[in-house]
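Participant: Sequence:
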Amino acid sequence: MEKELVLVLDFGGQYNQLIARRVRELSVFCEMVPYDISFAEMEARKPKGIILTGGPASVHGEDAPLCDPRIFSMGVPVLGICYGMQLLARQLGGMVKSSQLREYGRTRLEVSHHSLLFKGISSPTQVWMSHGDSIESVPEGFQIDAATGNCPIAAFSHAEKKIYGVQFHPEVKHTLEGTKVLRNFLFEICGLKGDWDLSDFINEKVEEIR
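At position 61 of the sequence shown (counting the first as 1) the number is 130 in the working numbering, and the numbers step up by one without a gap.
One or more hints might be untrue.
What the hints assert, rightly or not - Only pairs whose alpha carbons sit at most 27 Å apart, straight line, appear in this in silico DSSO-like list of lysine-lysine: (1) Lys-117 <-> Lys-249; (2) Lys-262 <-> Lys-230; (3) Lys-72 <-> Lys-115; (4) Lys-230 <-> Lys-166; (5) Lys-262 <-> Lys-72; (6) Lys-249 <-> Lys-231; (7) Lys-249 <-> Lys-262; (8) Lys-249 <-> Lys-230; (9) Lys-249 <-> Lys-115; (10) Lys-117 <-> Lys-230; (11) Lys-72 <-> Lys-231; (12) Lys-230 <-> Lys-115; (13) Lys-242 <-> Lys-231; (14) Lys-249 <-> Lys-72; (15) Lys-231 <-> Lys-115; (16) Lys-262 <-> Lys-115; (17) Lys-117 <-> Lys-166; (18) Lys-117 <-> Lys-188; (19) Lys-166 <-> Lys-262; (20) Lys-188 <-> Lys-262; (21) Lys-231 <-> Lys-262; (22) Lys-242 <-> Lys-262; (23) Lys-262 <-> Lys-117; (24) Lys-231 <-> Lys-117; (25) Lys-242 <-> Lys-188; (26) Lys-249 <-> Lys-188; (27) Lys-231 <-> Lys-188; (28) Lys-115 <-> Lys-242; (29) Lys-166 <-> Lys-115; (30) Lys-166 <-> Lys-231.
Unchecked claim - Derived CB-CB ranges, DEER-like: (31) Glu-179 <-> Ala-113: 38 to 48 Å; (32) Asp-264 <-> Gly-218: 38 to 48 Å; (33) Lys-115 <-> Leu-267: 13 to 23 Å; (34) Ile-213 <-> Gly-81: 21 to 31 Å; (35) Phe-256 <-> Glu-131: 31 to 41 Å; (36) Arg-139 <-> Gly-218: 30 to 40 Å; (37) Asp-264 <-> Asp-132: 36 to 46 Å; (38) Pro-103 <-> Gly-218: 14 to 24 Å.
Because the hints were derived from the structure by calculation, they are not lab data.
Just so it is clear, CB atoms sit at the ideal spot from N, CA and C, and this is done for glycine as well.
Let the hints inform the model, and build the full structure from the sequences given.
Facilitator: Below, the structure written as structure tokens:
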């Protein structure tokens with residue numbers, strides 16, 4: 070039976086392993102891979118969903134880590150978190166502005182558009198922010214879904230393309246409804262079953278070693 074796989078593209082953020090852990094806790098198999106994974110390898114793995122993590126870089130940096138833009142036309146749902154959202158904005162035609170002020174800590178998020186990602190999410194709700202740059206304008210066809218006092222574009226979406234971005238970190242406990250956001254991405258947007266079991270995975274690996 071083909072395993073449902075979510076690929077987590079690693080851009081070097083401090084919470085990246087936590088993202089993978091949260092996905093697995095929701096009974097979905099995921100693998101962390103380098104952000105510059107080739108398009109051919111990505112296609113070969115047949116992911117059902119892709120998550121772009123946060124990271125310390127700026128999309129304006131000379132050596133800013135970028136992923137292959139063909140990923141966004143695979144028809145596979147994508148969720149960009151923090152730097153991952155800024156990367157989506159930059160690579161799909163939006164505008165990202167640099168800022169000398171970092172937004173760090175708990176903040177109040179107002180949801181203006183309940184896309185599938187925000188299904189059942191309260192407004193306002195508490196989220197955890199950790200970013201410097203911020204998005205000034207969304208790519209064509211995208212909708213602004215949420216804002217904070219210091220971040221007018223804290224989430225966006227393109228329902229038809231199934232591409233979503235959040236400036237906050239849904240994987241940390243300070244984002245009170247973060248698990249619900251991840252669950253919405255995995256089950257409402259990616260349409261996964263959530264039938265992966267860690268013990269089955271361990272048994273498979275033991276058999277491979279034998």
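Participant: Do the alpha carbons of Lys-231 and Lys-188 lie within 27 Å of each other, as the hint requires?
Facilitator: holds (14 Å)
Participant: Is the straight-line distance between the alpha-carbon of Lys-262 and that of Lys-115 27 Å or less?
Facilitator: The given pair, whose Cα atoms are some 16 Å apart, holds under the 27 Å limit.
Participant: Regarding the pair Lys-249 and Lys-230, is the alpha-carbon distance no greater than 27 Å?
Facilitator: holds (21 Å)
Participant: Take a quick look at whether Lys-230 and Lys-115 sit within 27 Å of each other, Cα to Cα.
Facilitator: With a Cα-Cα distance of about 17 Å, the restraint between Lys-230 and Lys-115 holds, given a limit of 27 Å.
Participant: A range of 38 to 48 Å was offered for this pair. Does it hold for the Cβ distance of Asp-264 and Gly-218?
Facilitator: Holds, at about 41 Å.
Participant: Does Lys-242 pair with Lys-231 here, judged by a C-alpha cut-off of 27 Å?
Facilitator: holds (25 Å)
Participant: Assess, step by step, whether the Cα of Lys-242 is no farther than 27 Å from the Cα of Lys-188, and give holds or violated.
Facilitator: holds (19 Å)
Participant: Does the structure keep Lys-166 and Lys-262 at a Cα separation of 27 Å or less?
Facilitator: violated (38 Å)
Participant: Can you confirm whether the C-alpha distance between Lys-231 and Lys-262 stays at or below 27 Å?
Facilitator: holds (18 Å)
Participant: Below or equal to 27 Å on CA atoms is what counts here, so check Lys-117 against Lys-166.
Facilitator: violated (31 Å)
Participant: Taking the CB of Ile-213 and the CB of Gly-81, does the distance hold inside 21 to 31 Å?
Facilitator: Roughly 27 Å apart at Cβ, these two residues keep to the hinted range, so it holds.
Participant: Does the structure keep Lys-262 and Lys-230 at a Cα separation of 27 Å or less?
Facilitator: holds (21 Å)
Consistency note: the structure conflicts with the earlier hints numbered 17, 19, 28, 29, 38.
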